[in-house]
Amino acid sequence: MSGARDAHWQAAWAAADLARARSVPGRRKFFAVVAYPGTSGFLHVGHLRGYAYADALHRYHRMNGAQVFLPFGIHASGLPAVTWAQKVREGDPTILAQLADHGVPPETIAGLGEPEAAARFLGHEYQRVLGRLGILFDPASYVTTIDDDYRAFIRWQFTALREIGALVQGSYLTAVCPVCGPVAVDPSETDLSAGGDAETIRFTAVPFPLDDGRILLAATLRPETVFGVTNLWLAPGGRLVAWHLGERTYLLAPDGAERMVEQHGGHLGHEVAAADLLGRTVRVPLAEHVVPIRASPLVDPALGTGVVMSVPAHAPADAAALRSLPAHEREALGAPRVILGLGPEALSATEEALTRGDGTPAERALGAVGDPGLEDRAALDEATERLYRLELLHGRLQVPGFEGVPVREARETIAADLRARHGGFELQEFSKPVVCRNGHRVVIRRVPNQWFLHYADPAWKAATHRRVDRLATFPPEYRSELHAIVDWFADRPCTRRGRWLGTPFPFEPGWVVEPIADSTFYMAYFVVRRFVRDGRLRTEDLTPAFFDRVFRGNGPGEPRVADALQAEIRREFQYWYPLDLNIGGKEHKRVHFPVFLFTHAVLAEEALQPAGILVHGWITGPSGEKLSKKETAAKGGRIPPIDDGLERWGADALRLYYLLAVSPAQDLEFDPAAVDAAADRIADVARLAREAIGGGDGPPELDAWLLARTREWVDRAHRAFATNDLRRAAELLYVEVPALLRRYYARGGVPGAATERLARAWTRFLAPITPHTAEEIAAPWGEGLVAAAALPTAEAFPASPEAEAREAYLEGVEADLRAVLRAGEGRAAAAPTRVFFYVAAPWKKVVEGWAREQIARGEGIGIREAMARLGSHPELAAHRGELPRYLERVAGALRTEGGPGPAPSDEVDALRAGAGYLARRFALTEVAVHPEAEAEPFDPKGRRERARPGRPAFYFF
RNA sequence: GCAGGGGUGGCCCAGCUUGGUCAAAGGCGCUAGGUUGAGGUCCUAGUCUCGUAGGAGUCCGUGAGUUCAAAUCUCACCCCCUGCACCA
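Sequential numbering from 721 applies to the first sequence in our numbering.
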């Protein structure tokens, strides 16, 4: 379909104002949203999958008599628009080329360096593209998360959350550029120039008091091994620095000390040479024994605190370091302290290997990797890794107070105890250097008084679990996943400082509401937005009191707003809510969808809780990775930009491709050839539908069959749409219905009244998925827009079991014949020209019925029993001789067939009616049909015996 | 490691919840015939193996099990993908 025709119909829909949501009290409604897009750049054809689903569903429900509301907004919050605007400022060639492609004038481009302007520009761009795809979203609902009225809504949301105790304050550690502010450390490196794949290592800093009151601070990943400490290690020749926190003075390496200041406050003092400490002793916390301080070249002063606790029984590196000490020193340290055993569970072969040999676990682990020396770091690391894993999974403590406690559990308990009662700390650092976009080294810093949403609250979780129980999810598996995610959910910081776009946090100046937290309840705001858009509400009317009344039915509302208007908006909200479906990509599975449910669980009343979530996969590039908006452009359009796709294929081909190519939950490799195929299919469908209008008269029985089949597919189409099974709907409408029509013609049907009835119903059913094509087909009929028409019901078409049975019977015969003729293809004999059919005698049907009864009872097929029953059927007595042989022959088939095949009431008649068709189909000169019981049919090979009910025998030559 | 998803005929991808009607839909590719000046489009048929009659054999990651019957249910194993935290 040409872009011009697409645009024509889009204009027609707009003129009919179809997209505008209208509530009609008492009438069914359908309200679904697509998780609104962030503003990170231009779209490619993969981005609109969710909207293709949403629009098809809304169009279906509109045509099925429901009031529908498909809103659209953009999520401008956060950093994407900031980053995009910055690239515009910097003159990023890819983005400038895209802007030029879109005909954006230079004076507009100049303004796009400003983030809010950039976000609004992209928002309008997205609306334009959605329109080109034929998506009927309500333009009056359009909102961005940086509009003043939206900000008023978010202020209410946070006020309400605070009132119910969902908002709490605390401190937490986060990645921060000391110059530029908070950054996200993730592989996409939106904010970074290096280190996006860095992991955060969480140490426990364990305090070891010296006898002079100062405290050596060791860092460890295994705090439970504190009981096994025999000494501390320092880097030889290294320096330590004093870190003063409150009354206490800690000694640790300078790098670590700086991190401690970032994460726990305090200040740095004098430096101390490590050499001054060697030979002195410290007291081991919890264990309360006293151990000496030694030097080891293995200590990396840049890692952790530069102070390492030595646990030679369980740490291979410590054991190796110990070996390198002079014998007298080693003896002075005493024997390694074995503090962990293994549980009773079975071990894998590689784990087993670590338990063989003599000595401590660490010595055995060293043995397993060939007893490396101190210089062989790779081997030491391997031994460490393997023992660490073994003891993490299977280790049990063997120290007083913790006997038999699994390592996993003991680690948490002991780390918490060290922090709470012994002056220990958490210490986080990156596994590799992380550098921000502007070249500054990113650090992990404690943010005090940070605001959190208290998702960890057990009562809140329980309420959310109850929501999940009642939620319809697509795919169904997502429900159980959601339960796990809700369990896993911890408190989330909900404010940011820096250059983020969003709503200023209402309770603390200088902070902005975090981008995920401002998009959890916005579906509700779409309802109100339309009143703001119409000028019936002003932003200053949108007070917490107003929203409390509208969304929660609490209180009298905002005095400045007319009571009737507030009542109307409240009714409007109650009309559209609950949300029927939240549609989003799988990236939303563990953040957006859960917080959406959490928030609704506490802000919306029981009857208005979300009803469903549909998760769809991504459109990926050839190698299967997700293509972000920025990547697509950079990679030269392996997935074409949406405008290119629309020009090449038209809106409907893309829409059908999204729906038909793959199940919603699966990822889909974008394949231009498959979109071509979708376009061809649409052309084929349109041709078939047009050609179905004609003045001919088909055979009445065939017409009855066509209408009966139409009754059946219309019913299935309704069910597919009603259960959001859009792939099935597409398959039915674009594959099965064309096949049905082709069969009808092949059987001798002609375009006439029956095909026209089918075509008119079909065309309407095409409209949800390929709306432009449906309008094109229907245009000559002069009946107005298909998009505004009503879908037919199955009952509008007469059922005809007999006609269906006759056709199914004939199809079976055809398949049998084809199978036999194909088997003979390779032979030299000439193709047969004559076929004689023999239709089974009636007694066979009776006898097969008996046999089926026996199978249904779980018995074998008893010939003896059949013979006995024959006695009460005198009319069958004549077949006494044939019966046993017959039953024996069909026994196997009866067992595997399931039910009886389709059989018309009069097989002979049905077959004779189809004889002409079969003759044409197989290029035969004669097709004769005889009842098996007929006196003397031509049957030189005695085939007629083989005839079964519903399955005639035949002879051809 | 934890959690989730997946491995189907040359390729992509349905089916698996509710076992039989599944040698397994659809698309692509390929083959033959028709249409066509040729090619493409389009139409028809075919596309695991064997088979001088509608049949048989084998097949849905591997192995085992349940069952009259398994792509579908159970168990074990192998391999691949995704997420693991404040990032949209």
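Treat the hints with care, since some could be wrong.
No more than 30 Å apart at the CA atoms, straight line, and that leaves these computed lysine-lysine pairs for DSS-like [claimed, not checked]:
| id | residue 1 | residue 2 |
| --- | --- | --- |
| 1 | K1661 | K749 |
| 2 | K1565 | K1661 |
| 3 | K1181 | K1306 |
It should be emphasised that the hints constitute simulated quantities derived from the structure, not laboratory data. Note that the structure is a prediction, hence the values are computed from the model and not measured.
Hints versus structure:
1. Our distance criterion of 30 Å between C-alpha atoms is broken by K1661 and K749, whose separation comes to about 67 Å.
2. Straight-line distance between C-alpha atoms of K1565 and K1661 comes to about 23 Å, which keeps the hinted pair within the 30 Å bound.
3. With a C-alpha separation of about 22 Å, the suggested pairing of K1181 with K1306 holds against the 30 Å cut-off.
Checked against the numbered hints given earlier, this structure breaks only hint 1.
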